[in-house]
Amino acid sequence: MLELRDIKYSKGDNEIIKGINMKFEEGNVYCIIGNNGVGKSTIGYIIMGLSDYRPSQGNIFLDGKDITELSLTERAKSGISLLWQEPARFDGITVENYLKLNRDMKKEEIEETLKLVNLEPSRYMRRYVDKKLSGGERKKVELASCILLKPKYVIMDEPDSGIDIMSLDMIVKVINHFKKMGSAVIVITHRKEIAINCGYSYLICAGKVFLDGESKKIVSYYEKTCDNCGHVNYLEEE
Amino acid sequence: MDIVKGYEKEFEELVEIYEKNTNDKSLRSPGVATIIVSGNKVVGLNSVKGMHIKSKERADGLVMIDVEIEDNTIIPIPVHLCTGFLKKRGEQILKFNYIIGSNVKVKFKSHCILTKVEKLHHYMESDMYIGKNSFVTYEDEHFHDEGGGVFVETITRMKIDEGSFFSSKFYETKTRVGRINVVMDIELLKDAKADLESKIYGREDDIIDIKEVLRLNGENSSGIAKSTVFATDRTNAHVVNEAYGNAPYARGHIECNEIVKGNSVEVSTLPLLKVMNDKAELTHEASVGRINQVQLETLMAKGLTEEEAAEFIVNGLLS
Numbered sequence: 001m002l003e004l005r006d007i008k009y010s011k012g013d014n015e016i017i018k019g020i021n022m023k024f025e026e027g028n029v030y031c032i033i034g035n036n037g038v039g040k041s042t043i044g045y046i047i048m049g050l051s052d053y054r055p056s057q058g059n060i061f062l063d064g065k066d067i068t069e070l071s072l073t074e075r076a077k078s079g080i081s082l083l084w085q086e087p088a089r090f091d092g093i094t095v096e097n098y099l100k101l102n103r104d105m106k107k108e109e110i111e112e113t114l115k116l117v118n119l120e121p122s123r124y125m126r127r128y129v130d131k132k133l134s135g136g137e138r139k140k141v142e143l144a145s146c147i148l149l150k151p152k153y154v155i156m157d158e159p160d161s162g163i164d165i166m167s168l169d170m171i172v173k174v175i176n177h178f179k180k181m182g183s184a185v186i187v188i189t190h191r192k193e194i195a196i197n198c199g200y201s202y203l204i205c206a207g208k209v210f211l212d213g214e215s216k217k218i219v220s221y222y223e224k225t226c227d228n229c230g231h232v233n234y235l236e237e238e
Numbered sequence: 239m240d241i242v243k244g245y246e247k248e249f250e251e252l253v254e255i256y257e258k259n260t261n262d263k264s265l266r267s268p269g270v271a272t273i274i275v276s277g278n279k280v281v282g283l284n285s286v287k288g289m290h291i292k293s294k295e296r297a298d299g300l301v302m303i304d305v306e307i308e309d310n311t312i313i314p315i316p317v318h319l320c321t322g323f324l325k326k327r328g329e330q331i332l333k334f335n336y337i338i339g340s341n342v343k344v345k346f347k348s349h350c351i352l353t354k355v356e357k358l359h360h361y362m363e364s365d366m367y368i369g370k371n372s373f374v375t376y377e378d379e380h381f382h383d384e385g386g387g388v389f390v391e392t393i394t395r396m397k398i399d400e401g402s403f404f405s406s407k408f409y410e411t412k413t414r415v416g417r418i419n420v421v422m423d424i425e426l427l428k429d430a431k432a433d434l435e436s437k438i439y440g441r442e443d444d445i446i447d448i449k450e451v452l453r454l455n456g457e458n459s460s461g462i463a464k465s466t467v468f469a470t471d472r473t474n475a476h477v478v479n480e481a482y483g484n485a486p487y488a489r490g491h492i493e494c495n496e497i498v499k500g501n502s503v504e505v506s507t508l509p510l511l512k513v514m515n516d517k518a519e520l521t522h523e524a525s526v527g528r529i530n531q532v533q534l535e536t537l538m539a540k541g542l543t544e545e546e547a548a549e550f551i552v553n554g555l556l557s
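Residue numbers (my numbering), protein chains in the order written: chain A, 1 to 238; chain B, 239 to 557.
Because the hints were derived from the structure by calculation, they are not lab data.
Hints should not be assumed to be uniformly reliable.
[Stated by the list, open to error] Here are the simulated lysine-lysine pairs, DSSO-like style, with alpha carbons at most 27 Å apart:
1. Lys100/A / Lys279/B
2. Lys407/B / Lys132/A
3. Lys131/A / Lys449/B
4. Lys357/B / Lys412/B
5. Lys499/B / Lys77/A
6. Lys100/A / Lys499/B
7. Lys370/B / Lys325/B
8. Lys464/B / Lys131/A
9. Lys131/A / Lys152/A
10. Lys131/A / Lys325/B
11. Lys131/A / Lys431/B
12. Lys107/A / Lys173/A
13. Lys354/B / Lys243/B
14. Lys132/A / Lys243/B
15. Lys431/B / Lys132/A
16. Lys131/A / Lys437/B
17. Lys464/B / Lys132/A
18. Lys23/A / Lys131/A
19. Lys325/B / Lys287/B
20. Lys100/A / Lys437/B
21. Lys131/A / Lys499/B
22. Lys132/A / Lys152/A
23. Lys179/A / Lys100/A
24. Lys131/A / Lys279/B
25. Lys132/A / Lys345/B
26. Lys428/B / Lys464/B
[Claimed, not checked] To be clear about the criterion: a stretch of chain B counts as covered by chain A if any three or more of its residues have a C-beta under 8 Å from a C-beta of chain A, and this derived list gives those stretches:
27. 527-537
28. 547-557
Keep in mind that this is a model prediction, so the values were computed, not measured.
Beta carbons are placed, not taken as given, at the ideal position from N, Cα and C, and that holds for glycine.
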């Protein structure tokens with residue numbers, strides 16, 4: 001189990017995350033839902049351990065072990081993975097090498113994974129992961145990379161952003177694939193179509209967990225209340 | 239292949255070093271056009287149909303090589319230009335003159351094998367004219383001695399005639415640079431296109447100077463000049479990219495990426511764009527600094543250490 005206990009995070013004088021508690025168990029799908037600017041992605045980065053996202057208070061536990069002080073690499077090696085909202089581009093690195101990442105891996109496994117994310121292997125294996133790939137293609141390559149890492153916990157930050165509407169089904173398929181693998185999937189989104197497929201949701205508002213529970217209930221509340229909410233999100237980051 | 243009598247041993251030695259570094263066994267093949275120079279002597283020559291090679295060695299040590307390719311010639315297998323130096327010290331001065339006809343398709347692969355020298359000045363000056371509607375690529379890969387005693391100067395002037403395409407790749411990434419000065423000055427006529435790329439890996443106290451110039455003199459001509467330098471240790475690198483938009487609808491893009499590692503590195507880049515026609519369009523991109531943090535963290539979030547991630551990124555950039 002991955003657990004966040006009383007996590008706070010500040011940037012300068014601005015407290016962005018204000019003491020949140022969350023629990024994620026393997027084999028389940030979770031959603032972190034909320035409007036733009038409420039701190040959803042920040043929570044994902046804190047869990048992953050990115051260099052600028054060290055909590056100012058609180059602890060993160062993985063299977064009972066405190067991993068708050070573990071580095072990004074160590075957390076990745078412990079089985080946590082992040083699907084970036086806007087993945088970086090790499091000149092001179094082919095899709096095949098990016099997915100292999102210096103590991104011994106069967107070509108067939110890579111090809112099967114590319115097919116899973118709707119990329120035809122013969123067209124993409126030798127292409128570069130550079131700016132010539134469209135945003136959607138790059139996102140799909142990143143999805144394939146996450147799948148091949150076989151994570152225990154995968155944070156999917158806005159998995160549908162930059163991807164055409166026809167590929168929404170593929171995202172759901174990938175989420176179910178992770179679930180079948182026994183991974184805990186943490187989906188960060190503000191899209192109802194994605195959130196509704198998750199089991200448990202955390203509704204975030206202004207850096208706090210405002211509501212949590214069964215996804216259908218939370219999504220319904222979010223739709224009815226948050227869309228037209230006059231509440232000002234004073235977090236300008238993300 | 240015509241191997242000059244008395245130079246068989248040098249020929250064999252150069253070919254062996256080349257094969258070891260590249261895994262390419264095609265140099266001895268009779269169907270491959272080849273020019274092999276050792277020191278100040280042309281030791282091997284092989285031509286193919288439609289291509290004429292003449293060489294002359296002057297008493298002062300200058301080696302002059304004229305390469306002419308007839309109109310409408312397609313050379314399916316790359317032409318190999320292999321220059322090497324097998325003595326410990328000295329100077330190698332080469333002057334190439336290329337005249338490439340119209341409707342020609344040819345690929346040159348140049349390799350500079352300077353792996354056994356202590357102190358050498360290698361100077362290569364090339365003039366190339368490419369006729370109309372031709373397609374020419376030129377790949378230049380260098381292998382230098384690890385002691386850092388090699389000083390390479392390579393000066394290329396080119397004129398690309400109407401509708402032709404030229405691409406150049408200059409790589410010195412596998413061995414120590416020493417000191418290098420690369421100059422490429424290209425004039426493009428109507429509808430001509432050029433794509434220039436240089437990649438250099440600086441180590442220890444290497445000195446790197448690159449200057450790439452695109453003169454877009456013809457209507458609708460276009461060119462890209464891209465330089466990538468990975469500077470480590472005490473490397474000193476200076477890159478100048480220039481583009482001149484002198485004709486309507488000329489388009490040029492220059493790009494320089496210098497990645498630094500270490501506090502004793504000194505790098506700089508200087509872009510110059512000059513437009514002389516209001517319908518021309520020039521752009522540039524430049525970055526100087528350490529490896530992109532987002533790229534590093536993307537790979538570290540997959541389990542690579544910072545060192546492994548940096549190596550992975552640099553290998554891609556210099557591949």
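Do the hints match the structure? See the list:
1. Lys100/A / Lys279/B: violated (46 Å)
2. Lys407/B / Lys132/A: Holds - the C-alpha atoms of Lys132/A and Lys407/B are around 20 Å apart, at most 27 Å.
3. Lys131/A / Lys449/B: This hinted pair holds, its Cα atoms lying about 25 Å apart.
4. Lys357/B / Lys412/B: holds (19 Å)
5. Lys499/B / Lys77/A: The hint holds at about 26 Å.
6. Lys100/A / Lys499/B: holds (26 Å)
7. Lys370/B / Lys325/B: Not OK: Lys370/B and Lys325/B at ~41 Å, beyond 27 Å, violated.
8. Lys464/B / Lys131/A: holds (15 Å)
9. Lys131/A / Lys152/A: The hint is violated at about 30 Å.
10. Lys131/A / Lys325/B: violated (45 Å)
11. Lys131/A / Lys431/B: Roughly 21 Å separates the two Cα atoms, so the pair holds.
12. Lys107/A / Lys173/A: holds (22 Å)
13. Lys354/B / Lys243/B: Holds. Lys354/B to Lys243/B sits at ~23 Å (cutoff 27 Å).
14. Lys132/A / Lys243/B: violated (52 Å)
15. Lys431/B / Lys132/A: holds (20 Å)
16. Lys131/A / Lys437/B: Cα-Cα ~19 Å, so holds.
17. Lys464/B / Lys132/A: holds (16 Å)
18. Lys23/A / Lys131/A: violated (37 Å)
19. Lys325/B / Lys287/B: violated (34 Å)
20. Lys100/A / Lys437/B: holds (24 Å)
21. Lys131/A / Lys499/B: holds (24 Å)
22. Lys132/A / Lys152/A: Between Lys132/A and Lys152/A the Cα gap is close to 32 Å, so the pair fails against 27 Å, i.e. violated.
23. Lys179/A / Lys100/A: holds (22 Å)
24. Lys131/A / Lys279/B: Measuring from Cα to Cα gives roughly 46 Å; hence the hint is violated.
25. Lys132/A / Lys345/B: Measuring from Cα to Cα gives roughly 25 Å; hence the hint holds.
26. Lys428/B / Lys464/B: holds (22 Å)
27. 527-537: Three-residue rule met by the stretch 527-537 of chain B, so holds; n is 7.
28. 547-557: Check passed, 7 qualifying residues.
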